[in-house]
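**Student:** Here is how the chains run, residue by residue.
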Amino acid sequence: MRVPSGGLRTWELQRVSAGYLALFTIWFAAHLILDPPADYQQWYAWVAQPWVKTAFILFFVALLAHVWVGMRDVFMDYVKPVWLRFVLRLSMMVLLLAMAAWILQIMQRVVPA
Amino acid sequence: MSSARFSIYRYNPEIDGGSYMQEYRLDDIQPGMMLRDALLRIREIDETLVFRHSCGEGVCGSDALNINGRNGLGCITPLTDLKQPIEVRPLPGMPVIRDLVVDMDRFFEHYRSIKPYLVAHDPEPEVERLQSPDERDRLDGLYECILCGCCTTSCPSFWWNPDGFRGPAALLQSWRFLADSRDQATAERLSELEGPYRLFRCRSIMNCVEVCPKGLNPTKAIGRIKQTMLKHIL
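Residue numbers (the working numbering), protein chains in the order written: chain A, 1 to 113; chain G, 1 to 234.
What you were told as hints is all true, and nothing was included just to trick you.
Stretches of chain G that chain A covers, calculated by requiring three or more beta carbons in the stretch to come under 8 Å of a beta carbon on chain A:
#, stretch
1, 155-162
2, 192-204
3, 226-232
Read the hints as simulated data drawn from the structure, not as lab findings.
For glycine and all other residues, C-beta sits at the position ideal for the given N, C-alpha and C.
Throw the hints in and build the complete structure from the sequences for me.
**Tutor:** Have a look at this one:
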């Protein structure tokens with residue numbers, strides 16, 4: 001028997017992150033269409049606003065969380081040898097955490113001029 | 001249509017090294033003839049062909065088959081609707097015992113695990129446990145399941161995780177008892193389904209809805225179980 005864990009919580013995480021990703025994408029696309037930045041300085045100034053920056057950081061958090069649940073599901077469905085699944089899930093975790101650290105490092109440097 | 005061609009999956013583990021498809025031809029096909037009638041006639045020609053069947057009218061759920069790639073009941077599938085040669089295979093994802101007969105043990109283990117009966121802790125009342133007409137209406141679309149296995153064996157999530165995932169048939173029945181106003185085991189039923197496998201392997205592929213010969217909707221029932229779980233922890 002498998003130890004029950006990560007049922008409802010991960011499902012919720014997947015749904016909530018999907019909802020945020022959808023809303024963010026619509027909002028981001030709308031901004032690019034309605035008020036496109038003329039140059040890099042304008043684009044930078046827009047992203048550097050605290051609330052836009054927060055929205056971006058949340059976007060990346062939601063994206064990584066969504067990828068984690070999705071890849072976990074793929075491994076659970078298609079990778080049957082337990083050791084291989086363990087290695088893959090661990091590697092995925094390390095990769096996602098590294099990406100998260102990288103994104104935070106980048107976003108930290110984005111400050112209003 | 002006066003004649004029909006069939007291609008039927010054959011496998012006898014005592015004789016055959018592997019499975020193979022065997023061709024048959026039937027003449028004098030009557031309008032309105034069902035696949036089960038045809039299989040019975042084929043068995044008159046070749047008595048080694050093995051398949052399950054019983055009531056012949058879509059009530060017992062014995063003759064679930066994979067017909068031209070789609071799960072359904074042989075007894076209520078008219079031959080005229082089928083492209084020829086009619087390919088008949090056992091239910092997918094299940095161990096074959098012989099020819100079209102599969103081992104349904106795992107399917108019924110999942111069914112048993114959801115406790116398919118009322119659990120009430122209150123002392124037995126003098127009369128029946130009563131329900132209002134509205135409460136009874138909530139069981140419509142749930143109680144009609146005949147446990148033929150068409151849905152569960154067409155579900156990719158069940159193919160990938162046949163031991164862990166309960167499958168649409170068992171989960172529909174789980175909701176049937178969760179939705180019952182007389183049942184008092186909601187928390188136990190929900191915690192039994194927690195974890196990544198038993199309930200949450202469902203990815204809303206909806207093959208189950210597509211093939212159910214009784215027109216039921218297991219995907220919707222699974223969604224209701226998830227909603228109830230959410231409400232339960234909030």
